[in-house]
Amino acid sequence: MEQKSSKKNSESEKEYSVIIKNLSVTYRTEPALWNIDLNFPKGQMIAIVGPNGAGKSTLIKAVMGLVPITAGKVSIFGKTYSKNRDKVAYVPQRGSVDWDFPTDALDVVEMGLYGKLGWFRRPNSKTRNLARECLDKVGLSNYADRQIGQLSGGQQQRVFLARALAQDAQIYLMDEPLNGVDVITEKTILSILENLKKEGKTIVMVHHELQTVDKYFDWVVMVNRNLIANGPIKEVFTKINLDRTYQEKQRMSI
Amino acid sequence: MKKPILVGTIVIVAILIGISAIFVQNNDDAKINHIESPDSYSEKIAITTTTNVITDLVENIGGDHVSVTGLMGPGVDPHLYRPSASDVKSLQNADIIFYNGLDLEGKMGDIFVKIGREGTSVLAVSENIPPESLLILDANGNFDPHIWWDVELWTEAAKVVATGLKEYDPNNSENYEKNLLEYLNQLDSLNSNNLNKINSIPSEQRVLVTAHDAFQYFGHTYGFEELAIQGWSTDSEAGIKEIQNLADEISKRKIKALFVETSISPATIEALKAAVQDKGHDIVIGGELFSDAIGEKGTAEGTYIGAFTHNIDTIVKALK
Amino acid sequence: MILEEILSIFLGIFTDYTLRYVALGSAILGITSGALGCFTVLRKQSLFGDAIAHAALPGIGFAYLFAGTKDSLVLMLGAAIFAWFGGMITLAITSTTRIKQDAALGITLSVFFGLGIVLLSYLQSIGGASQGGLDRFLFGQAAALIESDVINLGILSALCFTILILFYKEFKITTFDSSFGQSLGFPIKYLNVLLTSVIVVAVVIGLHTVGVVLMVSMLIAPAAAARQWTSNLKNMIILSAIFGGLSGIIGSMISSTAEGMSTGPVIVITITAILGISFVFSPKQGYLFKHLRNQRKSQISLDNIKTISDKEKENHGNI
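Protein sequence lines correspond, in order, to chains Y, E and F.
Going by my numbering, the first residue of the first sequence is number 1, and it counts up by one from there.
Going by my numbering, the first residue of the second sequence is number 1, and it counts up by one from there.
Going by my numbering, the first residue of the third sequence is number 1, and it counts up by one from there.
Excised from the complex, chain Y in its bound form (with noise of 0.2 Å):
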């Protein structure tokens, strides 16, 4: 069966905020990801599913730039990633970071800003104040001075959140933010990421759940190293595509 798309204006940068074109990211030999070709619309919940290995985090990493991209295009908003990265917000893994690290929860929603500062610059009151209230609009304004350590994990998911907020970006690409966290820290963050929606930005989640995906979605890629399946959820997120996602891992021939 052809994987279904549904682009109705092939590249129209109007519908679209992110276009994808032919790409491919090789870690040394291993192929992660292999002539992906996909647009992510404007002001849409994007969920982006596969097994584990299925190079999910790859990707929203290949369109940051964060890994070498062997083959292929991105473009954000019409132009390179590099020339528009200010209207991109990107939201880590939790596990990636060491929560030991001796900084509070403002401090880090502030770093958030230091793209807009650029070099040389040094924080100061308006950083701290808009940090402030970027944790209030995540509900931690009370926990502005706990160290991070000592946060909660979806508190610690939160901070993350309110950092991409204060970034004031058209384009949230979050790794993983729903893995792990209570049921008030899914709310917030599903809350928060509807009123973004409205607003008309988009994001870009990669999901961990498959149960929820057509509940908190609209839009779904799914892949596995190849893209599988790329459109509105009642088209794509069919139980053939699953079973094709989710079977076993496709293997590449170099």
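Think of the hints as simulated: they come from the structure by calculation, not from any bench.
Yeah, the Cβ is synthetic: ideal placement off N, Cα and C, and Gly gets one too.
There's no promise every hint is true.
Said to hold, decoys possible - Residues from chain E that keep clear of chain F, each with C-beta distances beyond 10 Å, as calculated:
{"no.": "1", "residue": "Leu6"}
{"no.": "2", "residue": "Thr9"}
{"no.": "3", "residue": "Ile10"}
{"no.": "4", "residue": "Met72"}
{"no.": "5", "residue": "Arg82"}
{"no.": "6", "residue": "Leu135"}
{"no.": "7", "residue": "Leu180"}
{"no.": "8", "residue": "Val207"}
{"no.": "9", "residue": "Ser236"}
{"no.": "10", "residue": "Ile243"}
{"no.": "11", "residue": "Gln244"}
As the list claims (entries may be wrong) - Cut-off 27 Å, straight-line C-alpha distance, at most; resulting in silico cross-link-like pairs (DSS-like, lysine-lysine):
{"no.": "12", "chain 1": "Y", "residue 1": "Lys87", "chain 2": "Y", "residue 2": "Lys197"}
{"no.": "13", "chain 1": "Y", "residue 1": "Lys73", "chain 2": "Y", "residue 2": "Lys21"}
{"no.": "14", "chain 1": "Y", "residue 1": "Lys83", "chain 2": "F", "residue 2": "Lys169"}
{"no.": "15", "chain 1": "E", "residue 1": "Lys252", "chain 2": "E", "residue 2": "Lys107"}
{"no.": "16", "chain 1": "Y", "residue 1": "Lys137", "chain 2": "F", "residue 2": "Lys169"}
{"no.": "17", "chain 1": "F", "residue 1": "Lys189", "chain 2": "F", "residue 2": "Lys234"}
{"no.": "18", "chain 1": "Y", "residue 1": "Lys126", "chain 2": "F", "residue 2": "Lys234"}
{"no.": "19", "chain 1": "Y", "residue 1": "Lys215", "chain 2": "Y", "residue 2": "Lys234"}
{"no.": "20", "chain 1": "Y", "residue 1": "Lys116", "chain 2": "F", "residue 2": "Lys169"}
{"no.": "21", "chain 1": "E", "residue 1": "Lys178", "chain 2": "E", "residue 2": "Lys317"}
{"no.": "22", "chain 1": "F", "residue 1": "Lys234", "chain 2": "Y", "residue 2": "Lys116"}
{"no.": "23", "chain 1": "Y", "residue 1": "Lys126", "chain 2": "F", "residue 2": "Lys169"}
{"no.": "24", "chain 1": "F", "residue 1": "Lys306", "chain 2": "F", "residue 2": "Lys234"}
{"no.": "25", "chain 1": "Y", "residue 1": "Lys21", "chain 2": "Y", "residue 2": "Lys126"}
{"no.": "26", "chain 1": "E", "residue 1": "Lys197", "chain 2": "E", "residue 2": "Lys107"}
{"no.": "27", "chain 1": "Y", "residue 1": "Lys137", "chain 2": "Y", "residue 2": "Lys116"}
{"no.": "28", "chain 1": "F", "residue 1": "Lys189", "chain 2": "Y", "residue 2": "Lys116"}
{"no.": "29", "chain 1": "E", "residue 1": "Lys320", "chain 2": "E", "residue 2": "Lys197"}
{"no.": "30", "chain 1": "Y", "residue 1": "Lys239", "chain 2": "Y", "residue 2": "Lys79"}
{"no.": "31", "chain 1": "Y", "residue 1": "Lys83", "chain 2": "F", "residue 2": "Lys189"}
{"no.": "32", "chain 1": "F", "residue 1": "Lys169", "chain 2": "Y", "residue 2": "Lys87"}
{"no.": "33", "chain 1": "Y", "residue 1": "Lys73", "chain 2": "F", "residue 2": "Lys284"}
{"no.": "34", "chain 1": "Y", "residue 1": "Lys215", "chain 2": "Y", "residue 2": "Lys187"}
{"no.": "35", "chain 1": "F", "residue 1": "Lys169", "chain 2": "F", "residue 2": "Lys189"}
{"no.": "36", "chain 1": "E", "residue 1": "Lys254", "chain 2": "E", "residue 2": "Lys297"}
{"no.": "37", "chain 1": "F", "residue 1": "Lys234", "chain 2": "Y", "residue 2": "Lys79"}
{"no.": "38", "chain 1": "Y", "residue 1": "Lys87", "chain 2": "F", "residue 2": "Lys189"}
{"no.": "39", "chain 1": "Y", "residue 1": "Lys83", "chain 2": "Y", "residue 2": "Lys73"}
{"no.": "40", "chain 1": "Y", "residue 1": "Lys73", "chain 2": "Y", "residue 2": "Lys42"}
Based on the hints, put chains E and F in the right spot on chain Y.
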């Protein structure tokens, strides 16, 4: 971008390792090259020595009959010297080995014992000096090994060399005896010259301040007091307290000059000088002395007599 | 009596030329390595500092070999170049081969240090005070510090702190969350090179006082000690610098009390003592207070259990 940098750096490091290997090899070749010319192969005795002051001595007594390989060149510190693989080869190929003894060659004791067991003649030039004539320097009762700065003791060393050569090569005994007597004459002249020159230094100024305690025998012979930052071996550490104590002493006694040594880094002496000057006493570095080694072969200071004379002249000039 | 002695030694820092400059030079080292060491420790790259320090040794040898001078600045330049190379090679090995960082560090450390020792034995045989030149950088020779040396060290330290202040937030973000930093547009690779370079300068400062072999402890111990007392990066850096500086001064003072005491090792012992005290006595993380708190917690639990069981007995008694 990364791989070329990695490769490039590895190549540079490999080249540097290669260069140093070549240097080491050349240097060792120069040392091993004690077979001078084909026709004299069977005639010359192969002798390996440690310090270059011993090399000089053996060459004076042995003359044309010997071919000497000295392991340590000018400016080499014998207290810390570790023999390389080619040094060990030189020692094994030698017919006779002459070393100082009294633990001067602090890191080489084992190797002399080992080679001695294999039958080679291994002789410490200090072996005939009676213990009463030796100076004790530290609390453990160790003897000071720097005997060569006492002309009379060096005379004993010359006799050991002569005896060793005569035993090995009795056919040339007369030659060795002749060389010995001639050399002893020269040493005698040296000693009287030294005494004359030293007389011009007032007694309060007869203090020798150096980096390590190499001049006790010199001091004993010529009436000098020796003050040093480090002990008799450069293996010991130069500490803050030593420098402080010396700085106090020197400025109190208004000593005119400090001396650096050719085989030791001048850093500690410079530090001592700065400390003394800070106390308001104007002190200078009087010059460079030969302590554990004599000068470059072929120069005036490249012989024992030349180096000793240089030392005396330098000291006299600075302190009188 | 002992107090008088301590006081007189302390005054000596101001009055005595030798002690003044040794203490000052050691303090400069301690402050600089303390501050920068925070980053190596937080990046879990403490042994990286060790590899860099050992890599400096052949640099000193080659500097002497090619420049023929024992001038302190020339030797330090040679040390810096090779230490930097050592750092870059380690980074390159980890990023271009499958070799993990600990193996890469081991390789760099042993190869460079071995090269340094080979050079040392070569130089000892050509002489010219070379032995004194190299050996003293193995464990340092703090007693030989004079005013001009300390001025040089001060300049190098000022350079390190200037860079630290200018790039503080960049260093912070690359240490805490480098991929996030990269997504913001900060060139992580270049920042790593910059941080390595500043650490090289710190190592060069340390060559005089503690030497190549012990330098790593000055990068690790003050930072580890400071971490016990604070959870704020800025405070940690300041405290670490203070601990490092203190250990330099105290170590110098102690080593000036007896003959033949090497200053470098005494400094290292001092900072280790500070570390030990921090481990035991710091209020939040220290062993002592944790132990007391656990005891109190157990006590509270026991009391609760007793109260409950008493109540149960009461209830049953009443029935």
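Verification of the supplied hints:
The non-interface label for Leu6 (chain E) is inconsistent with chain F: the shortest C-beta to C-beta separation is roughly 4 Å, within 10 Å. For Thr9 (chain E), the non-interface assignment is contradicted: its Cβ lies about 5 Å from the closest Cβ of chain F, within the 10 Å cut-off. The Cβ of Ile10 (chain E) does not lie farther than 10 Å from every Cβ of chain F; its closest approach is about 7 Å, which violates its non-interface assignment. Once the 10 Å rule is applied to beta carbons, Met72 (chain E) is inconsistent with being away from chain F; the minimum gap is 7 Å.
Not every C-beta of chain F lies more than 10 Å from that of Arg82 (chain E), the closest at about 6 Å, which undercuts listing it as non-interface. Distance to chain F confirms Leu135 (chain E) as a non-interface residue, since its nearest Cβ pair spans about 20 Å, more than 10 Å. For Leu180 (chain E), the condition that its CB be more than 10 Å from all CB atoms of chain F holds, with the nearest at approximately 29 Å. Remark: the non-interface label on Val207 (chain E) is consistent with the geometry, its nearest Cβ contact in chain F lying 19 Å away (cut-off 10 Å).
Distance check for Ser236 (chain E) against chain F: the nearest CB is about 6 Å away, which does not clear 10 Å, and the non-interface claim fails. Taking the minimum C-beta to C-beta distance to chain F, about 5 Å, the non-interface status of Ile243 (chain E) is violated against the 10 Å cut. For Gln244 (chain E), the shortest C-beta to C-beta distance to chain F comes to about 5 Å, within the 10 Å cut-off, and the non-interface label is violated. Between the alpha carbons of Lys87 (chain Y) and Lys197 (chain Y) the distance comes to roughly 15 Å, so the proposed pair stays at or under 27 Å and holds.
Pair hint Lys73 (chain Y) plus Lys21 (chain Y) holds up; C-alpha atoms about 5 Å apart against a cutoff of 27 Å. Pair hint Lys83 (chain Y) plus Lys169 (chain F) holds up; C-alpha atoms about 22 Å apart against a cutoff of 27 Å. Between Lys252 (chain E) and Lys107 (chain E) the CA atoms are separated by roughly 38 Å; this puts the pair beyond 27 Å, and the hint is violated. Distance restraint check for Lys137 (chain Y) and Lys169 (chain F): the Cα-Cα separation of roughly 24 Å lies within the 27 Å cut-off, and the hinted pair is therefore satisfied.
Between Lys189 (chain F) and Lys234 (chain F), the direct Cα distance comes to roughly 23 Å. Compliance with the 27 Å bound is thereby established for this hinted pair. The suggested pairing of Lys126 (chain Y) with Lys234 (chain F) holds, with an alpha-carbon distance near 19 Å, which does not exceed 27 Å. Distance restraint check for Lys215 (chain Y) and Lys234 (chain Y): the Cα-Cα separation of roughly 11 Å lies within the 27 Å cut-off, and the hinted pair is therefore satisfied. For the hint pairing Lys116 (chain Y) with Lys169 (chain F), the CA-to-CA distance comes to about 12 Å; that is within 27 Å, so the pair holds.
With a C-alpha separation of about 36 Å, the suggested pair Lys178 (chain E) and Lys317 (chain E) falls outside the 27 Å cut-off, and the hint is violated. For the suggested pair Lys234 (chain F) and Lys116 (chain Y), the alpha carbons sit about 22 Å apart, so the restraint of at most 27 Å is met. Between Lys126 (chain Y) and Lys169 (chain F), the direct Cα distance comes to roughly 16 Å. Compliance with the 27 Å bound is thereby established for this hinted pair. A hinted pair counts as satisfied when its Cα atoms are at most 27 Å apart, and Lys306 (chain F) with Lys234 (chain F) does not qualify at roughly 46 Å.
This hinted pair does not check out: Lys21 (chain Y) and Lys126 (chain Y) have alpha carbons roughly 40 Å apart, beyond 27 Å. For the hint linking Lys197 (chain E) to Lys107 (chain E), the alpha-carbon distance of about 37 Å lies beyond 27 Å, and the restraint is violated. Of the pairs offered as hints, the one joining Lys137 (chain Y) and Lys116 (chain Y) holds, with about 20 Å between alpha carbons and a cut-off of 27 Å not exceeded. Of the supplied pair hints, the one linking Lys189 (chain F) and Lys116 (chain Y) holds, its CA atoms being roughly 20 Å apart against a limit of 27 Å.
Restraint check: the Cα-Cα separation between Lys320 (chain E) and Lys197 (chain E) comes to about 10 Å, which is no more than 27 Å; the hinted pair holds. Restraint check for Lys239 (chain Y) and Lys79 (chain Y): the C-alpha separation of about 36 Å exceeds 27 Å, so the hint is violated. Proximity of Lys83 (chain Y) to Lys189 (chain F) is assessed by CA-CA distance (about 19 Å); at most 27 Å being required, the pair is judged to hold. Proposed proximity of Lys169 (chain F) and Lys87 (chain Y) is supported: the alpha carbons are some 21 Å apart, at most 27 Å.
A hinted pair counts as satisfied when its Cα atoms are at most 27 Å apart, and Lys73 (chain Y) with Lys284 (chain F) does not qualify at roughly 51 Å. The straight-line distance between the Cα atoms of Lys215 (chain Y) and Lys187 (chain Y) is roughly 13 Å, inside the 27 Å bound, and the hint therefore holds. With a CA separation close to 15 Å, the supplied pair Lys169 (chain F) and Lys189 (chain F) stays within the 27 Å bound. Pair hint Lys254 (chain E) plus Lys297 (chain E) does not hold up; C-alpha atoms about 37 Å apart against a cutoff of 27 Å.
Of the supplied pair hints, the one linking Lys234 (chain F) and Lys79 (chain Y) is violated, its CA atoms being roughly 38 Å apart against a limit of 27 Å. Proposed proximity of Lys87 (chain Y) and Lys189 (chain F) is supported: the alpha carbons are some 23 Å apart, at most 27 Å. Under the criterion of a C-alpha separation no larger than 27 Å, the hint pairing Lys83 (chain Y) with Lys73 (chain Y) is consistent with the structure, at around 14 Å. At most 27 Å may separate the alpha-carbon atoms for a hinted pair to count; Lys73 (chain Y) and Lys42 (chain Y) meet this at roughly 19 Å.
Of the numbered hints given earlier, the model fails hints 1, 2, 3, 4, 5, 9, 10, 11, 15, 21, 24, 25, 26, 30, 33, 36, 37; all others are met.
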